[in-house]
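J.: Quick note, the sequences are listed as chains A and B, same order.
Per the UniProt record's numbering, the first sequence starts with residue 1, numbered consecutively.
Per the UniProt record's numbering, the second sequence starts with residue 1, numbered consecutively.
Just so you know, these hints were derived from the structure itself, not from any lab.
All values derive from a computational prediction rather than experimental measurement.
Virtual Cβ for every residue (Gly too), placed ideally from N, Cα, C.
You may find that some hints are simply not true.
Claimed, not checked - Simulated crosslink set (DSS-like; lysine-lysine; CA at most 25 angstroms straight-line):
{"no.": "1", "chain 1": "B", "residue 1": "Lys259", "chain 2": "A", "residue 2": "Lys259"}
{"no.": "2", "chain 1": "A", "residue 1": "Lys14", "chain 2": "B", "residue 2": "Lys259"}
{"no.": "3", "chain 1": "A", "residue 1": "Lys214", "chain 2": "A", "residue 2": "Lys167"}
{"no.": "4", "chain 1": "A", "residue 1": "Lys209", "chain 2": "A", "residue 2": "Lys165"}
{"no.": "5", "chain 1": "A", "residue 1": "Lys109", "chain 2": "A", "residue 2": "Lys165"}
{"no.": "6", "chain 1": "A", "residue 1": "Lys259", "chain 2": "B", "residue 2": "Lys196"}
{"no.": "7", "chain 1": "B", "residue 1": "Lys165", "chain 2": "B", "residue 2": "Lys214"}
{"no.": "8", "chain 1": "A", "residue 1": "Lys196", "chain 2": "A", "residue 2": "Lys214"}
{"no.": "9", "chain 1": "A", "residue 1": "Lys196", "chain 2": "B", "residue 2": "Lys259"}
{"no.": "10", "chain 1": "B", "residue 1": "Lys14", "chain 2": "A", "residue 2": "Lys259"}
Said to hold, decoys possible - Some residues of chain A that are not near chain B, with every Cβ distance over 12 angstroms (derived):
{"no.": "11", "residue": "Val77"}
{"no.": "12", "residue": "Thr104"}
{"no.": "13", "residue": "Gln105"}
{"no.": "14", "residue": "Glu116"}
{"no.": "15", "residue": "Gly125"}
{"no.": "16", "residue": "Leu208"}
{"no.": "17", "residue": "Lys267"}
{"no.": "18", "residue": "Glu303"}
{"no.": "19", "residue": "Gly322"}
Claimed, not checked - One side only, chain A facing chain B, incomplete, derived with CB under 10 angstroms:
{"no.": "20", "residue": "Asp221"}
{"no.": "21", "residue": "Cys244"}
{"no.": "22", "residue": "Arg268"}
There are 2 protein chains.
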Amino acid sequence: MAKAWHLMQRPQGKPTHDDVALKDYDMPALEDGMIHVRNDWISVDPYMRVRMDDQESYFESFKLDRPMDGGAVGTVVASKADGFEEGDKVFHFAGWRDEAVISTQGIFKLPELGVEPFHFLSTLGLTGGTAWFGLMDIAAAKEGDVVFVSAAAGAVGSMVVQIAKAKGMTVIGSAGGPEKCAWVESLGADKCIDYKAGPIIKGLYKALKEIGAKGIDVYFDNVGRDHLDAAIAHANNNARVAMCGFIDGINGEAAYEFKYLALAIGKRIRMEGFIFTDFQDQMMDFYGQMVPMLHSGQIKTRETVHEGLDKTFDAFLGLFEGANTGKMLVKL
Amino acid sequence: MAKAWHLMQRPQGKPTHDDVALKDYDMPALEDGMIHVRNDWISVDPYMRVRMDDQESYFESFKLDRPMDGGAVGTVVASKADGFEEGDKVFHFAGWRDEAVISTQGIFKLPELGVEPFHFLSTLGLTGGTAWFGLMDIAAAKEGDVVFVSAAAGAVGSMVVQIAKAKGMTVIGSAGGPEKCAWVESLGADKCIDYKAGPIIKGLYKALKEIGAKGIDVYFDNVGRDHLDAAIAHANNNARVAMCGFIDGINGEAAYEFKYLALAIGKRIRMEGFIFTDFQDQMMDFYGQMVPMLHSGQIKTRETVHEGLDKTFDAFLGLFEGANTGKMLVKL
Chain A
1 MAKAWHLMQR PQGKPTHDDV ALKDYDMPAL EDGMIHVRND WISVDPYMRV
51 RMDDQESYFE SFKLDRPMDG GAVGTVVASK ADGFEEGDKV FHFAGWRDEA
101 VISTQGIFKL PELGVEPFHF LSTLGLTGGT AWFGLMDIAA AKEGDVVFVS
151 AAAGAVGSMV VQIAKAKGMT VIGSAGGPEK CAWVESLGAD KCIDYKAGPI
201 IKGLYKALKE IGAKGIDVYF DNVGRDHLDA AIAHANNNAR VAMCGFIDGI
251 NGEAAYEFKY LALAIGKRIR MEGFIFTDFQ DQMMDFYGQM VPMLHSGQIK
301 TRETVHEGLD KTFDAFLGLF EGANTGKMLV KL
Chain B
1 MAKAWHLMQR PQGKPTHDDV ALKDYDMPAL EDGMIHVRND WISVDPYMRV
51 RMDDQESYFE SFKLDRPMDG GAVGTVVASK ADGFEEGDKV FHFAGWRDEA
101 VISTQGIFKL PELGVEPFHF LSTLGLTGGT AWFGLMDIAA AKEGDVVFVS
151 AAAGAVGSMV VQIAKAKGMT VIGSAGGPEK CAWVESLGAD KCIDYKAGPI
201 IKGLYKALKE IGAKGIDVYF DNVGRDHLDA AIAHANNNAR VAMCGFIDGI
251 NGEAAYEFKY LALAIGKRIR MEGFIFTDFQ DQMMDFYGQM VPMLHSGQIK
301 TRETVHEGLD KTFDAFLGLF EGANTGKMLV KL
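Put together the whole structure using the sequences plus the hints.
T.: And the structure:
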């Protein structure tokens, strides 16, 4: 029988195993226009925490005692839908489970790009796409810019570092601890600040001095709060901020006291929130840019892989404990 | 002898009369390329407070024991500059004084638009221009949008209200006290929130409910802090914020605890700081839009006028005490 992770109660603050259960569930019958898919790879992402709350958001809240969902890559085992055949590899949203019967709306067959299927959950999916569109479109980063990126050892951040370097930018990252920082610098970052070693605003000042830059032109924001405040304090005129994540605040931490936000006026700073799914019509352009950089090795990927459906929730919890370097995935 | 207001020491927090002095000063000799001008109108504006500090900013700091400057309109009494004759009315930056001898760089003869000269310090100058470019360009406001504007009884705010209404938008303002609110509504605002009567976030919620709107599309921000937080909390998807002022924080108030900034991501909110002087190449277009609205009465102006050079500093202090309704001016 098919199994799926169910949300059993809404988490208070940080999620725990009491909030979820891995349970058998009844799949619908395979009807016209549907496919039966067996999952090969499941993605866990920070945004899923938001979906566990019962609140208005840009993603639907998970329903209680029902399978959760999210990005996954699987193999078609039976099809009653035109254009899909047994053996096809597909991207779909019936994650958090081993098997699913789903309509083909909003899903796609993986294009033949000569890459491993899991890349469509990472480099060529939510994480790589978030990095690409945030950096190149929202922040309008260009050659020669000084780019600051927080959570630079994370899934999205490590992509931002590499894309920025491939595009001829100077990159300062931040990450927690010397090991992660070493990895970020090994990806090409000109400097990585260990935010656990002191206030980020001082770290950023020092990093800019060391690389001989006056300030930052672009901030790719994965955490908000002290990092965003520091970025504004050290921004050049006309800097752009791609607001991608507030992971520090996602589990109910207190409000943050901004000290430097008013400087955004005189510096003509543009801050803009964005969501990857708004860029679906530009995916072929995106693949066209990313796949050659993947093949040439300009962009290296690292995955933290948990094996087995039963490890999915641990993988998800690890996102909030800094347990992943690069993209967090579950292999079935 | 010519007199000018001098900055004698840098204010700690709120400026006081101890920080300044009205003193005689020596004007330079009238040489080729220069004009001698007698001021008719002087503008005082919140941004001048920033110039009193010794810090990096988008405007030069005022020098100690030297005449301060700022926007003014005056009459040429002698000219050694091509294109300027005795009797010409000019806009220039040698404010805070009765007379000045200045180069003609960066100054202009008032175009013949059939309006009173002081309008070039208000409706057709810094205040009107800030309102126009902030609303129409930075916030990309369009017909049908719900616009929220703080300090709506102030110089810039009252212009934003009227431009927005003239362009077919729904407008919610905020102002301090029932009298100011009544004036804002008399300008056409659909609703004005008295921010002194309770938390702005509740006031905004109530105002939106009363006018039957789900949220705001545009926030023209003249104050930052609690108003900005409330605007983000009640923004629609893809809302735009024109960041124009943080007057609440300008005199050294404590940092503000933002609670809702993270919502900017999912709502795809764009926040952008701007400075009127960046739009100098679009001034003729701006006059072309504003002057007909002035003549038709679609845009009403109100000035708080202080008479005499000796009242200039009191006029300036009044900006921070909510003493002005509309544009604060000094008539000489």
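J.: It remains to establish, for every hint, whether it holds in the given structure.
T.: We went through each hint and held it up to the structure:
Of the pairs offered as hints, the one joining B/Lys259 and A/Lys259 holds, with about 14 angstroms between alpha carbons and a cut-off of 25 angstroms not exceeded. The straight-line distance between the Cα atoms of A/Lys14 and B/Lys259 is roughly 18 angstroms, inside the 25 angstroms bound, and the hint therefore holds. Restraint check for A/Lys214 and A/Lys167: satisfied, since their Cα atoms lie roughly 20 angstroms apart, inside the 25 angstroms limit. Simply put, A/Lys209 and A/Lys165 have alpha-carbon atoms about 19 angstroms apart, close enough for the 25 angstroms limit, and the pair holds.
With a C-alpha separation of about 31 angstroms, the suggested pairing of A/Lys109 with A/Lys165 is violated against the 25 angstroms cut-off. As the CA atoms of A/Lys259 and B/Lys196 are separated by approximately 24 angstroms, the hinted pair is consistent with the 25 angstroms bound. With a C-alpha separation of about 19 angstroms, the suggested pairing of B/Lys165 with B/Lys214 holds against the 25 angstroms cut-off. Between A/Lys196 and A/Lys214 the CA atoms are separated by roughly 24 angstroms; this keeps the pair inside 25 angstroms, and the hint holds.
Distance restraint check for A/Lys196 and B/Lys259: the Cα-Cα separation of roughly 24 angstroms lies within the 25 angstroms cut-off, and the hinted pair is therefore satisfied. Under the criterion of a C-alpha separation no larger than 25 angstroms, the hint pairing B/Lys14 with A/Lys259 is consistent with the structure, at around 18 angstroms. Here A/Val77 stays apart from chain B, with its beta-carbon at least about 35 angstroms from theirs, past the 12 angstroms limit. Residue-level check passed: A/Thr104 sits 27 angstroms from the nearest beta carbon of chain B, beyond 12 angstroms.
The Cβ of A/Gln105 lies farther than 12 angstroms from every Cβ of chain B, with a closest approach of about 22 angstroms, so its non-interface assignment holds. Once the 12 angstroms rule is applied to beta carbons, A/Glu116 is consistent with being away from chain B; the minimum gap is 29 angstroms. With a least CB separation of 18 angstroms from chain B, A/Gly125 remains clear of the 12 angstroms interface cut-off, as annotated. Non-interface status of A/Leu208 relative to chain B is upheld: no Cβ of that chain comes within 12 angstroms, the nearest being about 14 angstroms off.
Its beta-carbon lying about 6 angstroms from the closest one in chain B, A/Lys267 breaks the requirement of being farther than 12 angstroms from that chain. The Cβ of A/Glu303 lies farther than 12 angstroms from every Cβ of chain B, with a closest approach of about 24 angstroms, so its non-interface assignment holds. Every CB of chain B is more than 12 angstroms from the CB of A/Gly322 (nearest about 19 angstroms), matching its label as outside the interface. Nearest Cβ of chain B to the Cβ of A/Asp221: about 9 angstroms, under the 10 angstroms cut. The hint holds.
Among the interface hints, the one on A/Cys244 holds; its C-beta lies about 7 angstroms from the nearest C-beta in chain B, closer than the 10 angstroms criterion. Given hint, A/Arg268 at the interface with chain B, holds; its Cβ is 5 angstroms from that chain's nearest Cβ, closer than 10 angstroms.
In summary, the numbered hints that this structure violates are 5 and 17.
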